[in-house]
Amino acid sequence: MTASVQKLRASSSNASLAMDWKGVLRIGLVGGLMAVLVSVIGMVETFDGRDIIGGVITMGQTVLVMPVFITSMMAAGLNSSYSRLSQILDAGISGLLASAVLGLLIWVSQMVNLRPIFVNISPSLIKILAFGRTLPGDLIPALGLLLGYGLVIGLAAGLLYVAPTKIRKAITSGIIWVLVLGLLGELLRTVVVGKPFEESVSWILGTRNQKGVSVIGATVLFLVIAGISYLSQTFGVGIRSQVQARRSALPVNAQRGLNAILVLVVFLIVWQLPSLFGIYLSDVANTVGLYILMGLGLNIVVGFAGLLDLGYVAFFALGAYTMAVATSTAVGSGRGLILFSLNLTFWEALPVAVGVACLAGIILGIPVLKMRGDYLAIVTLGFGEIIRILAFSDFLKPYIGGAQGIVKIAPISVLGQNMTKPPELFHVVLIICAVVAFVAWRLRDSRIGRAWKAIREDEDVAAAMGINLVTTKLLAFATGAAFSGFAGAIFASKLTSIIPGSFGLLVSINILALIIVGGMGSLPGVLVGALALVALPELLREFSEFRLLVFGAVLVGMMIYKPEGLLPEETLKLELHEPEPGELES
Amino acid sequence: MAILSAKGVSKRFGGLQAVNKLDLEIEENSISSVIGPNGAGKTTFFNCVTGFYNPEEGQILFNGHEIEGLTPDRVTRLGIARTYQNIRLFANMTAIENVLVGEHGLLKNNFIDAVIRTPRFNHEEKAAVEEARRLMRFVGLRGMGDHLARNLPYGAQRRLEIARALASKPKLLLLDEPTAGMNPQETNELTRFIRDLRDQLKVTILLIEHHMRVVMDISEQITVLDYGSKIAEGNASDIQNNPAVIEAYLGRGAATGLKATKVQ
Chain A
1 MTASVQKLRA
11 SSSNASLAMD
21 WKGVLRIGLV
31 GGLMAVLVSV
41 IGMVETFDGR
51 DIIGGVITMG
61 QTVLVMPVFI
71 TSMMAAGLNS
81 SYSRLSQILD
91 AGISGLLASA
101 VLGLLIWVSQ
111 MVNLRPIFVN
121 ISPSLIKILA
131 FGRTLPGDLI
141 PALGLLLGYG
151 LVIGLAAGLL
161 YVAPTKIRKA
171 ITSGIIWVLV
181 LGLLGELLRT
191 VVVGKPFEES
201 VSWILGTRNQ
211 KGVSVIGATV
221 LFLVIAGISY
231 LSQTFGVGIR
241 SQVQARRSAL
251 PVNAQRGLNA
261 ILVLVVFLIV
271 WQLPSLFGIY
281 LSDVANTVGL
291 YILMGLGLNI
301 VVGFAGLLDL
311 GYVAFFALGA
321 YTMAVATSTA
331 VGSGRGLILF
341 SLNLTFWEAL
351 PVAVGVACLA
361 GIILGIPVLK
371 MRGDYLAIVT
381 LGFGEIIRIL
391 AFSDFLKPYI
401 GGAQGIVKIA
411 PISVLGQNMT
421 KPPELFHVVL
431 IICAVVAFVA
441 WRLRDSRIGR
451 AWKAIREDED
461 VAAAMGINLV
471 TTKLLAFATG
481 AAFSGFAGAI
491 FASKLTSIIP
501 GSFGLLVSIN
511 ILALIIVGGM
521 GSLPGVLVGA
531 LALVALPELL
541 REFSEFRLLV
551 FGAVLVGMMI
561 YKPEGLLPEE
571 TLKLELHEPE
581 PGELES
Chain R
587 MAILSAKGVS
597 KRFGGLQAVN
607 KLDLEIEENS
617 ISSVIGPNGA
627 GKTTFFNCVT
637 GFYNPEEGQI
647 LFNGHEIEGL
657 TPDRVTRLGI
667 ARTYQNIRLF
677 ANMTAIENVL
687 VGEHGLLKNN
697 FIDAVIRTPR
707 FNHEEKAAVE
717 EARRLMRFVG
727 LRGMGDHLAR
737 NLPYGAQRRL
747 EIARALASKP
757 KLLLLDEPTA
767 GMNPQETNEL
777 TRFIRDLRDQ
787 LKVTILLIEH
797 HMRVVMDISE
807 QITVLDYGSK
817 IAEGNASDIQ
827 NNPAVIEAYL
837 GRGAATGLKA
847 TKVQ
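Line by line, the protein sequences are chains A and R.
Residues in the first sequence are numbered from 1 upward in steps of one, following this note's numbering.
Residues in the second sequence are numbered from 587 upward in steps of one, following this note's numbering.
Worth flagging that the hints you see were computed from the coordinates, not collected in a lab.
Misleading hints may appear alongside valid ones.
Stated by the list, open to error - No more than 30 Å apart at the CA atoms, straight line, and that leaves these computed lysine-lysine pairs for DSS-like:
1) A:K22 with A:K562
2) R:K694 with R:K593
3) R:K757 with R:K712
4) R:K755 with A:K370
5) A:K421 with A:K195
6) A:K370 with R:K694
Said to hold, decoys possible - If the Cβ cut is set under 8 Å, some of the chain R residues that face chain A in the computed set are:
7) F638
8) N640
9) N649
10) H651
11) E652
12) L656
13) D659
14) N678
15) G688
16) L693
17) I698
18) T704
19) S754
20) P756
21) I832
22) Y835
Claimed, not checked - Here are some chain A residues the structure puts well away from chain R; computed CB gaps all over 12 Å:
23) I41
24) A330
25) W441
26) V461
27) L469
28) T471
29) R541
We put the CB at the ideal spot given by N, CA and C, even for glycine.
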């Protein structure tokens, strides 16, 4: 049946049941295949023991339901001219089809032994999919249940799709928050353990030996989040515009003061976080901080100046190795010792490390001045590898330790006190991040920042505007490298030992990915990107097997649906405050 | 006095002689045009003047300075600005930021100034933004400053490009086909605007243009190029009656035909 005929039918009577058979079939099958995929790769089985909502929904069920639910919603949205009832039915049929595909997997697994090919199709997986029924005896009831669930999930997705926007958004954000809290519940529990308010939150997070949130907690959380979302959609715009109006009514200086106070308050809150975090979370936060530092630096090179640098980890390595060689006390000849050390303290060595990285940025910058795009990427990629291979090499082993790396690096010390515990280090990292972010922000809104952006947009024209390409590009490379050297120096002192394995290509890729996910050229984007790509994978370590898989899928999805990043670069409003000009026109 | 004088400028691309021993003198505060069929070497000549190409032979003097072989940014700082045939704005920057980039060479603040916001920085930035707004108004784009350049309508983009070029306070402004893609009314407006530019800002203007009415209307001197060589020079009526020009544009048959009709 052709699409035009369907359209005709749909428009002739809106209340009648119309259906885009092909579309629903396609989407339903895709949903089913996705569900089969997560089963076959072992996600369902691995996550089955992990509760999202204690005793009710497991993580395994969630990853199984999610693709079916999402594709059913897509099926409902196939044709906006259909009546609501048809849309709900479309979704239901899509859900049914998806579960049928999954049913097919169960059925086939009873007929033939699939395990030689798909290791993960174990009896226990099949048991999960068959709702615990014993197979093959109970095959028919199990399949019936599966299809029934599929239909219900599909219909629910359809209902959600046709619900008014506000309600849909409220329910969606409620569900997402419950899922997130369910995932991170265990971590949160470690945070509250021993705190005075442990008792008062335990009803949400469940008992100590339980994973995921409690049923009551989930319900309350869902209602609260959905309610907040609904209210903010109803009144949020009004309140926001009122706040905006009040703010812009203030004189410029008062606005600046208000901003400064806001920043200070946020800073103070973040300052207090380690006492809440404990050791593990503080350590994660420190790692995030280092990535933010590097992200801010690469953001200048790639986000502002548009120079695609794939060897960015080299500067991180140089900063770390300089710090190591400058401060290590493991001097001597033999295993694990280096021949030579400057015997500096952390604070004396820090400017040296930053300087070396900065210089390396300039040295790398000079040969690549004339290169653009892909060529630049390849050269910088090579540079990153050279530094890594040198670090591994036997040739430099007496000086920088070869594959064994360097130990006994001076720890960060403040006022004679060594900062070795993560919560203490957190404050150092926070201050340095704040300073570097401040510098990056100030540079962005200046003549230099504009010159970088102009080079990103069109190098030839930028030159024709009087921008010296050589110095401007080198400044971008040097600044970016310096930030990364900073991060490297702290990294070395934080661990007090380094090995060359920490400076692989994957670090470069990760930093690049985090600024792309956060939003190219956006400073808050770096923070969000680092949280999303560094903190989240670290916190979800229990799913380590599937980390990269999910990571890759999320990246693909992001680039398709939100290519500008989570927090895209904002444009400055320079003309907005323009007073009505009475002056002459020329 | 000639503000720009080219002597025997040649530029080759492999076997192609794009500009061939070109001599050209542009009087200060004049409006001149370079015309010629497609591929005649007009834009290549512009690129030689603005420092994008380094001509193999010849000399280009601007205000007494030898400028051939200088990098584009140095040429711009000496006082030459240009626009492009196919608009080349900084698409993802706001309109006013585009103009501010044009002011780049005139501003002095550096890295340290930017980070600690010295009084010099604040003062200079404020003046720069003020100047950018003034230029936006001058080209008729008041209130459009905070739009991204790529979101502006076509005519506004052309004007913005001119504003950006003017931001460097040039003595010589090179316009590469400024009326390309404009309707007759916009073309008329732009023609008037170019004349205003010269009269009010005392800037010398050299344009490449295919729109003959515009060329004949505003140019005090016209140079015709064909296959990289100058084939004619003079004012509008000289050029219109020059058989070599007619031949270059329409072919030899047309040139002889035209002569014949004239004789009759």
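Status of the hints after comparison with the structure:
A threshold of 30 Å between alpha carbons decides the hint, and for K22 (chain A) with K562 (chain A) the separation of about 28 Å falls inside it, so the pair holds. Distance hint between K694 (chain R) and K593 (chain R) is unfulfilled; the C-alpha atoms sit about 34 Å from each other, more than 30 Å. At roughly 24 Å between alpha-carbon atoms, K757 (chain R) and K712 (chain R) fall within 30 Å of each other, so this suggested pair holds. For the suggested pair K755 (chain R) and K370 (chain A), the alpha carbons sit about 28 Å apart, so the restraint of at most 30 Å is met.
Between K421 (chain A) and K195 (chain A) the CA atoms are separated by roughly 20 Å; this keeps the pair inside 30 Å, and the hint holds. At roughly 25 Å between alpha-carbon atoms, K370 (chain A) and K694 (chain R) fall within 30 Å of each other, so this suggested pair holds. Interface hint at F638 (chain R): satisfied, since its Cβ lies 7 Å from the closest Cβ of chain A, which is below the 8 Å cut-off. For N640 (chain R), the interface hint is violated, the least distance from its beta-carbon to any beta-carbon of chain A being 14 Å, above 8 Å.
With its C-beta approaching chain A no nearer than about 16 Å, N649 (chain R) sits outside the 8 Å limit, and its interface hint is violated. Given the 8 Å rule on beta carbons, the hint for H651 (chain R) is violated: about 15 Å separates it from the nearest Cβ of chain A. Against a cut-off of 8 Å between C-beta atoms, the interface hint on E652 (chain R) is violated, since the closest Cβ of chain A lies about 19 Å away. With a cut of 8 Å, the hint placing L656 (chain R) at the interface with chain A is violated, because the nearest CB-to-CB distance is about 11 Å.
Given hint, D659 (chain R) at the interface with chain A, holds; its Cβ is 5 Å from that chain's nearest Cβ, closer than 8 Å. Satisfaction of the interface hint for N678 (chain R) is found here, the shortest Cβ-Cβ separation to chain A being roughly 6 Å, below the 8 Å cut-off. Here the hint on G688 (chain R) is kept, as its CB sits about 5 Å from the closest CB of chain A, short of 8 Å. Interface restraint check for L693 (chain R): the shortest CB-CB distance to chain A comes to about 5 Å, inside 8 Å, so the restraint holds.
Interface restraint check: I698 (chain R) against chain A, minimum CB-CB distance 10 Å, threshold 8 Å, status violated. Given the 8 Å rule on beta carbons, the hint for T704 (chain R) is violated: about 11 Å separates it from the nearest Cβ of chain A. The restraint placing S754 (chain R) at the interface with chain A holds, with a minimum CB-CB distance near 6 Å, inside the 8 Å limit. Because the beta carbon of P756 (chain R) sits about 10 Å from the nearest beta carbon in chain A, more than 8 Å, this interface hint is broken.
Interface hint at I832 (chain R): violated, since its Cβ lies 35 Å from the closest Cβ of chain A, which is beyond the 8 Å cut-off. At a threshold of 8 Å, the smallest CB-CB gap from Y835 (chain R) to chain A is about 30 Å, leaving the interface hint violated. For I41 (chain A), the shortest C-beta to C-beta distance to chain R comes to about 40 Å, beyond the 12 Å cut-off, and the non-interface label holds. Remark: the non-interface label on A330 (chain A) is consistent with the geometry, its nearest Cβ contact in chain R lying 37 Å away (cut-off 12 Å).
Annotated as non-interface, W441 (chain A) brings its C-beta within 12 Å of a C-beta of chain R; the closest such distance is 9 Å. With a minimum CB-CB distance of about 5 Å to chain R, V461 (chain A) fails to clear the 12 Å threshold, and the non-interface call is violated. With 12 Å as the threshold on Cβ separation, the claim that L469 (chain A) sits away from chain R is violated: the shortest Cβ distance comes to roughly 7 Å. Distance to chain R contradicts T471 (chain A) as a non-interface residue, since its nearest Cβ pair spans about 10 Å, not more than 12 Å.
For R541 (chain A), the shortest C-beta to C-beta distance to chain R comes to about 38 Å, beyond the 12 Å cut-off, and the non-interface label holds.
Hints 2, 8, 9, 10, 11, 12, 17, 18, 20, 21, 22, 25, 26, 27, 28 from the earlier list are contradicted by this structure; the remaining hints agree with it.
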